[in-house]
Amino acid sequence: MLFRVTPQPLNVEESIKAVSHPSTGAVVVFLGVVRGHNLGRRVIQLHYEAYSEMAQKVMEELAQEAQERFGLKDVAILHRIGTLQVGDISLVVAVSSPHRKEAFRAGEWLVDCLKERLPIWKKEVFEGGEEWIEGTLPLTG
Amino acid sequence: MLFRVTPQPLNVEESIKAVSHPSTGAVVVFLGVVRGHNLGRRVIQLHYEAYSEMAQKVMEELAQEAQERFGLKDVAILHRIGTLQVGDISLVVAVSSPHRKEAFRAGEWLVDCLKERLPIWKKEVFEGGEEWIEGTLPLTG
Amino acid sequence: MKARVLLFARLRELAGTAQVEVEVGEGLPAQEVYRRVQEMFPALASCEIPVAFAVNARYVGPQHPVGEGDEVAIIPPVAGGG
Amino acid sequence: MKARVLLFARLRELAGTAQVEVEVGEGLPAQEVYRRVQEMFPALASCEIPVAFAVNARYVGPQHPVGEGDEVAIIPPVAGGG
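Chains as they are written, first to last, in my numbering: chain B, 1 to 141; chain X, 1001 to 1141; chain A, 2001 to 2082; chain W, 3001 to 3082.
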């Protein structure tokens, strides 16, 4: 298990090592990458802001749920914050499993849930302005 | 596009770089890893053998079909051959796409097809013996 | 009897601060805490962004009681994940 | 009028070679080429492994004609991908 919210560049190899074990046949890794265009605008950079302590908890809880649902072996989740340029990796989700089907299912499920629940926000700086991107309002108790 | 059949250790970072472009929002990477157990036996090592020239062609054709089916941006496929130890990476499939749903779908589809069609064979060396693992007979014309 | 309220993203910018203390007396629902913060910062009062709440780093409903020493986060729509 | 036949994995081991030339005359179906290879190597003749065929590095059906200079691969069940 590896969970991290950090201003440092994300290390994909580290996430893979963290989830690799002798009983692991399949590793699926998702990378969220800053795109050069969004909503028809040319993106210059993104600023990510997090409620880091809570984001870490949400990562842990969702990883545990994914492990139970999909029989995963291990999970690593890394999110970068601060200023990111086009092409930078903002999110790494790595899951390992004895077999590949579960790894793909779990990876997609986790990324979907993280996007809905991680207390992380981004401001897009584009040619001609900047704007907070408002995605999803988390469902709560 | 990057396709390779090689006895050298596979470089995951290289596969990610190969598929990353400014219009890429999502990269999904699959790693096939040599497991320490198979069919209830303790695995010592695997020997992979390939019809390399054809394997490369099959990679290219399936990658092109995946691009068309799923609107992928780019694809990289690496397969290692020769002697692999437990924990070694035998297969890397990296796909990039503007959005994540297609990347997950395409990654899974590609891995399924590669396992059915790549002219690559493996002999498992386990405690007490060795055996060619006979997987799938490719469907043909 | 105070609670600490955390503001993020656009809310933080509108308020001009990331953190504020709010008097919660014997306990207040989370949404009532936010209402008090909006009164303190007029720019927040006129802000139409829907919000969720977390108390002590866990999502809670708007009626969740906030007591002394709690950390309340006002969560505008999230956009992690890239 | 010869074609080159490639053998892999268990077939290669049974034959004791990875490659053999086969006389194809004016042309032979791929499965007939394999039958001739089996005649050359008794260990292959008694081998029950199902096979597919590739000619010049493309999968073909068992009836696909093989001519002079073609490279025919006899493909036992594959197991790439880890």
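What the hints contain is simulated information worked out from the structure, not anything from laboratory work.
Among the hints, erroneous ones may be present.
[Said to hold, decoys possible] Calculated lysine to aspartate or glutamate pairs in the EDC-like style (CA-CA distance at most 16 Å, straight line): (1) Lys3002/W <-> Glu3023/W; (2) Lys2002/A <-> Glu2068/A; (3) Lys123/B <-> Asp88/B; (4) Lys1101/X <-> Glu13/B; (5) Lys1101/X <-> Asp112/B; (6) Lys123/B <-> Glu2013/A; (7) Lys1123/X <-> Asp1112/X; (8) Lys57/B <-> Glu2071/A; (9) Lys17/B <-> Glu1116/X; (10) Lys57/B <-> Glu116/B; (11) Lys101/B <-> Glu1013/X; (12) Lys2002/A <-> Glu2023/A; (13) Lys1101/X <-> Glu1061/X; (14) Lys2002/A <-> Glu2026/A; (15) Lys1017/X <-> Glu1061/X; (16) Lys2002/A <-> Glu2048/A; (17) Lys3002/W <-> Glu3032/W; (18) Lys123/B <-> Asp112/B; (19) Lys1123/X <-> Glu3071/W; (20) Lys1057/X <-> Glu1013/X; (21) Lys1057/X <-> Glu3071/W; (22) Lys3002/W <-> Glu3071/W; (23) Lys1017/X <-> Glu130/B; (24) Lys1123/X <-> Asp1088/X; (25) Lys1017/X <-> Glu61/B; (26) Lys115/B <-> Glu61/B; (27) Lys101/B <-> Asp1112/X; (28) Lys1115/X <-> Asp1074/X; (29) Lys2002/A <-> Glu2071/A; (30) Lys17/B <-> Asp1088/X; (31) Lys2002/A <-> Asp2070/A; (32) Lys1123/X <-> Glu1049/X.
Now the hints, each set against the structure:
1. Lys3002/W <-> Glu3023/W: holds, 4 Å
2. Lys2002/A <-> Glu2068/A: holds, 5 Å
3. Lys123/B <-> Asp88/B: holds, 15 Å
4. Lys1101/X <-> Glu13/B: violated, 23 Å
5. Lys1101/X <-> Asp112/B: holds, 9 Å
6. Lys123/B <-> Glu2013/A: holds, 11 Å
7. Lys1123/X <-> Asp1112/X: violated, 20 Å
8. Lys57/B <-> Glu2071/A: holds, 15 Å
9. Lys17/B <-> Glu1116/X: violated, 28 Å
10. Lys57/B <-> Glu116/B: holds, 14 Å
11. Lys101/B <-> Glu1013/X: Answer violated: lysine 101/B to glutamate 1013/X is near 23 Å, above 16 Å.
12. Lys2002/A <-> Glu2023/A: holds, 4 Å
13. Lys1101/X <-> Glu1061/X: With Cα atoms ~22 Å apart, lysine 1101/X and glutamate 1061/X exceed 16 Å; violated.
14. Lys2002/A <-> Glu2026/A: The hint holds at about 10 Å.
15. Lys1017/X <-> Glu1061/X: violated, 21 Å
16. Lys2002/A <-> Glu2048/A: Not OK: lysine 2002/A and glutamate 2048/A at ~26 Å, beyond 16 Å, violated.
17. Lys3002/W <-> Glu3032/W: holds, 13 Å
18. Lys123/B <-> Asp112/B: violated, 20 Å
19. Lys1123/X <-> Glu3071/W: violated, 24 Å
20. Lys1057/X <-> Glu1013/X: The given pair, whose Cα atoms are some 23 Å apart, is violated under the 16 Å limit.
21. Lys1057/X <-> Glu3071/W: holds, 15 Å
22. Lys3002/W <-> Glu3071/W: holds, 10 Å
23. Lys1017/X <-> Glu130/B: violated, 28 Å
24. Lys1123/X <-> Asp1088/X: Distance ~15 Å between lysine 1123/X and aspartate 1088/X Cα, so the pair holds.
25. Lys1017/X <-> Glu61/B: violated, 31 Å
26. Lys115/B <-> Glu61/B: holds, 14 Å
27. Lys101/B <-> Asp1112/X: Roughly 9 Å between the alpha carbons, so the hint for lysine 101/B and aspartate 1112/X holds.
28. Lys1115/X <-> Asp1074/X: Outside the cut-off at roughly 20 Å; violated.
29. Lys2002/A <-> Glu2071/A: Satisfied, since the Cα-Cα distance of roughly 10 Å is no more than 16 Å.
30. Lys17/B <-> Asp1088/X: Since the Cα atoms of lysine 17/B and aspartate 1088/X sit roughly 11 Å apart, the hinted pair holds (cutoff 16 Å).
31. Lys2002/A <-> Asp2070/A: holds, 8 Å
32. Lys1123/X <-> Glu1049/X: Satisfied, since the Cα-Cα distance of roughly 8 Å is no more than 16 Å.
Of the numbered hints stated above, those contradicted by the structure are hints 4, 7, 9, 11, 13, 15, 16, 18, 19, 20, 23, 25 and 28, listed in ascending order.
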